[in-house]
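Trainee: If you want the building blocks of each chain, they are given just below.
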Amino acid sequence: MNHLEISQVAMEFETPTGPFVALDNVNLTIAKGEFVSLIGHSGCGKSTVLNIVAGLYQATTGGVILDGKEVNEPGPDRGVVFQNHSLLPWLTAYENVELAVKQVFTGKKSKAEMKEWILHNLELVHMSHAIDKRPSEISGGMKQRVGIARALAMEPKVLLMDEPFGALDALTRAHMQDSLIEIQARLKNTVIMITHDVDEAVLLSDRIVMMTNGPSATVGEILPVDLPRPRDRVQLAGNKQYNEYRAEVLKFLYERQRKIEPVPAISSEKKKAKSDDEEIAA
Amino acid sequence: MNTQVVNIINNLNIKGQTIKFFDFFKDPSKVFKTIGIPILSIAMFLVIWNAVASQIKTSLGQVPGPAHVYQQIITLYGEHVEERNKETAFYERQEKRNAKKLEKNPDAKVKIRPYTGKETFFDQVITSIVTVITGFLLASLIAIPIGIICGLSTTLYSALNPLIQTFKPISPLAWLPIVTMIVSAVYISDDPMFDKSFLNSAITVMLCCMWPTIINTTVGVSTIDKDLINVSRVLRLGWMTNVIKIVLPSSIPMMFAGLRVSLGIGWMVLIAAEMLAQNPGLGKFVWDEFQNGSSNSLARIMVAVVAIGLIGFLLDRVMLLLQKSVSWDKSAIIR
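Going down the list, the sequences are from chains A and B.
Here this note's numbering is used: position 224 in the first sequence is 224, and no number is missing along the way.
Just so we're on the same page, this note's numbering is the position in the second sequence counted from 1, plus 282.
No wet-lab data here; the hints were simulated from the structure.
Some clues are possibly wrong.
Have a look at the derived ranges for each label pair, beta carbon to beta carbon [said to hold, decoys possible]:
1. 509(B) / 239(A): 32 to 42 angstroms
2. 175(A) / 591(B): 51 to 61 angstroms
3. 609(B) / 18(A): 44 to 54 angstroms
We put the beta carbon where it would ideally sit given N, CA and C, even for glycine.
All chains, please: the whole structure from these sequences, using the hints.
Mentor: Okay, structure coming up:
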């Protein structure tokens, strides 16, 4: 039996100008413990796929099956790490993780066990020093760490990450990727991660799923990344195979699925002024 | 000097920042800005008031200036003290008489009659404050839950919104007769816990001041960050947990904006209601003085007007402090 199966998923959104087909016939099978990246241009529906797996969206046709059960609502067996951390700003790092742990383990773990589990997960993401800090008191990278701890603490079957490091600066991002490699090596979770970053995809993934441009986006190509683990970014930088994988993804994104978007020649303000002029002229 | 006192003086909390007290006085421009400017503007206001008041003559004599009003504050306080002395004397007399009675006949029935003297200005102030707080608390108890469910459910919102919008603009003067009739029909008790007049005023305040809280809470709840709603969905938080952990904290700023408007409206409504219904309170004081028509009446009414303003200001400050104490975002500037 497949661990996670995304089967013939299509998604239509109602818009004032009629239905918009965001996804069409998306098929993907993921094995247990596999790290899969979804990569593609903005607006290609990567997040939609993730939200359907999370249960936050309902696919128009097709569906998602996790361990033989259809996914039709959100639940803690699919931990989500949101792009902008989404921590509750009125709770401390500890309390944010606690909210998730209480929800999942009340009745299964004793209070002391839960406390230990919360601390363990915060330690896993190297946040033990700031458990009593509110989100506003810690940096962006630290917030994202707490967000990951919260998702991991639910012991999810699948960890869903929506551009988890997209909002971070390059150095922090590299640091977070290293942390994620380390955590993944220890826990062997199934992970689906959305990314824009080719290096990130190659460094972290077992397979890279490249999506075509929308509308009616679907899975374009799948690239298995056969690099030995543990991976080290510095060593890989000179690795021939690593660079081939990178080139492969780049070619897909910028040759075969090149997004033809006219570069706006005039700034939006000027554009507005222009349209105002046109209105006057009309 | 006692070291503790020195510490307190040294660390006065001004505008949220701890400023060393003596440093504060070393900077004259700061002193002028925080203390000087308000004093100056108040002084200017008093001068203009005085100048304008002396120009206008009414059937009750000249419009009183600040000095006349100040003199009436002293008089009103004197009347209050006198009334209290009378009251104590009244009870003392009763006790002496009862003691004598019991001396003669230990089985005699003794009674203490309550004092029924005139309510002074300060009694009226207390009555009004108690009434407005009661009405406001009742309103909040109803308005916050309604606001939350309207914000969470679009169905309930569309069900209740027309009613809310219709009831919102109704004047307290229109509610008052209805409330009076209903209270006297429904609240029948041999030993009433509350005066009917108190209930009438409080319920009228409640009916008029719950709307801003309902509307603001609804808006606050319906504009919660979508990511936080998703967090709640992924965690499968129960309805109550969702409300307590996510909905309430994120809508607190909007809710308090509504509560503060509500309390302000409630205070205005109360004065009008007391005036119309002759229920005890500041409104009644104003009306009584108006009917009294002595040469001091206008000045005494102005004392009431100033008191109404200051109490309204004070109530808002109390709400602000309350908001600061429950708000999670201590860095937010609340004004």
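Trainee: Could you tell me which of the numbered hints above are not met by this structure, giving the numbers in increasing order?
Mentor: Going through the list in order, the structure violates no hint and respects every one.
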